[in-house]
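Visitor: Residue-level listing of the chains:
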Amino acid sequence: MYKELDEQELARHCSERDRLAEEELYNRYAARVYTLCRRYTGDNDEAKDLMQDSLIQALNKIDTFRFAGKGSLYRWMSRIAINKAINHIKRQRWRTVSLDFLQHDDIPEPSDEEINSIPQEKLLEWISQMPEVRRTVFNLYCIDGYSHKEIGKMLGISEKGSAGTLAKARNQLKGEIQRYLKEQ
Amino acid sequence: MSKWEETVKNRLEEYESPLPEGSFAEFFERRSAASGNSGAKLTTWARVLVTAVAAVLAVMLFRRQPGSPADDIQIIIPPESPVAVAVDSTDIQVFEHQAVRRTAALQKEPAVVPENRIEETSPEVTGGDVAKSREDLGDGYPDNFKEESAVTDADSPSSPFAPSVPEITVRKPAGLSVVPAAGAVAGGGLLAAVLTPMTGSRQNPSDIPIHSDPIPGDPVRPGDDPVTPVDKRTKEYSHRFPLQLGLSTRIPVSERLSITTGLEYSLYSSTFTYTLSGEKEQVAHYVEIPVRMDWTLASNNNIDVYLGGGIKGDYCLGATLGGEAVKKDGFNLSLLGAGGIQFNVTEWLGVYVEPEISYTLPSKKLILETYRTEHPLVFSVAGGLRINIGTTKSK
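As you go down the protein sequences, you meet chains A and B in turn.
Everything in the first sequence is counted per the numbering used here, starting at 1 for the first residue and increasing by one.
Everything in the second sequence is counted per the numbering used here, starting at 1001 for the first residue and increasing by one.
Just chain A, same shape as in the assembly:
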């Protein structure tokens, strides 16, 4: 029965503390939220904790969810998870100085076919291996659609700093992709 519920109905049942509805919500979205958390934290254990925290908070605040079309429940939960991830990163971050200031921007861009030939887990692994701020900026800008202005505000850095960090992240990922393609 619960598998057939649409997002709005599922949210309504969850707001009534319906345990089965909560289980359904977990089954539908936990893996996607977990993947998102892996992208941001770069650590599977931390990602698991963050995913659980995010879903618990989502269930606690499900009364505040307003349905806005298909996919809005996931988008709402992903915002909770991203906010938690950012807070987590900000709390965890110790002041560090990046030493890789000598960057080269001459790595060729991969084609769509080349990207599609790479396993998703591999892409996730390369993003996870990026330095924390670089990884966060890449995720926020390239995957979750935030602007440099928003990123600067969220991370306490300037817009220019966000753009510079994104350029480094792009180069790092391109380098990993090209290295992988050469090995194949």
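Don't take each hint at face value.
Some chain A residues flagged as far from chain B (calculated, every beta-carbon gap over 10 angstroms) [unchecked claim]:
1. K3
2. Q8
3. Y26
4. D63
5. P110
6. Q129
7. P131
8. C142
9. E159
10. K160
11. G164
12. R170
13. Q184
The list that follows gives simulated cross-link-like pairs (lysine to aspartate or glutamate, DMTMM-like), each with its CA atoms no further than 25 angstroms apart [what the hints assert, rightly or not]:
14. B/K1009 - A/D144
15. A/K174 - B/E1013
16. A/K3 - B/E1013
17. A/K149 - B/E1016
Derived from the structure by calculation, the hints contain no laboratory data.
It should be emphasised that the depicted structure is a prediction, and the values quoted were computed from it without experimental measurement.
Glycine included, C-beta positions come from ideal geometry on N, C-alpha and C.
Start from chain A and add chain B according to the hints.
Guide: Only chain B this time, still in chain A's reference frame:
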């Protein structure tokens, strides 16, 4: 965004990585635990609990009575009849007049010498005792009286006319304890104690003059009568390091800036030595509210390292000297500086250790002599539990 980035985005958005084993059961275990104990509820309860414990602490302190009357210093009033032996009748008349005045003055002070605690002493006092007592009395007796008394000492050890010397019975006042307050705080589950070593500071007797000014709570006030023995404070005293208990909370303002405040109780005790009544313990109770801005130097998920500065306002709830209430200090301010490390046990509760330095600002409202009047600049190490209100911590 370039084409290859768009492709990466699409591939990752649709990807669902396999969940770790047992995460479903773990999630619902945590969910069950959290459902009746949400962060918002905890924060509300924490606030209510802090307020309640603070109120209880304040009421206990306000209602606190001085030490048991049975433990107070007892002073025996000298008999009305003056010394029988006198050479000059004028002297006798003067002395009688003064003694009557003094007796009347003492009877006007029932709070200082309760009638039901006056102990009758034997009228038979030996000459040696008299001499010793007169030495103790010092300048309180006129010179001619001393001379005449010396004659009496020699020939009438058990004379019916022998002067009856005031006998001073000193009982050590009951030491005030903060056990009830500490119990209440700990019992409330909100212990945030600042425990400091109980070392005393003993004044070098040669450094300070004898207190000859009236001291609040003194049983006998100097200057009333030249004949009456004066209970002067001597050079000896000691101030003990204050004992502090408190509640501490931290309210984050931004990622790195937070306001740390709370409610503290301080017990300052000192011992003063008097010429007649011996040692008396002065105990003063204060409530203090520190307000500090802390800057987080470094932090991770569990630990905050911070530096801060601010002020602390304090108000004396009451003070006793030898069990008798005395005039207390007014409102006063201190400057604070602290650095510390806090380990966050949960989202809203942390354990902290922080070295702190405080400077008591000079004020005319500081009447009592305590450890801090002698050492306005105090270094201490505080430790305890701290409630994080409205934390920005994600976990």
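Visitor: Kindly indicate which numbered hints from before are broken by the structure, ordering the numbers from low to high.
Guide: Violated hints: 3, 5, 8, 12, 17; rest satisfied.
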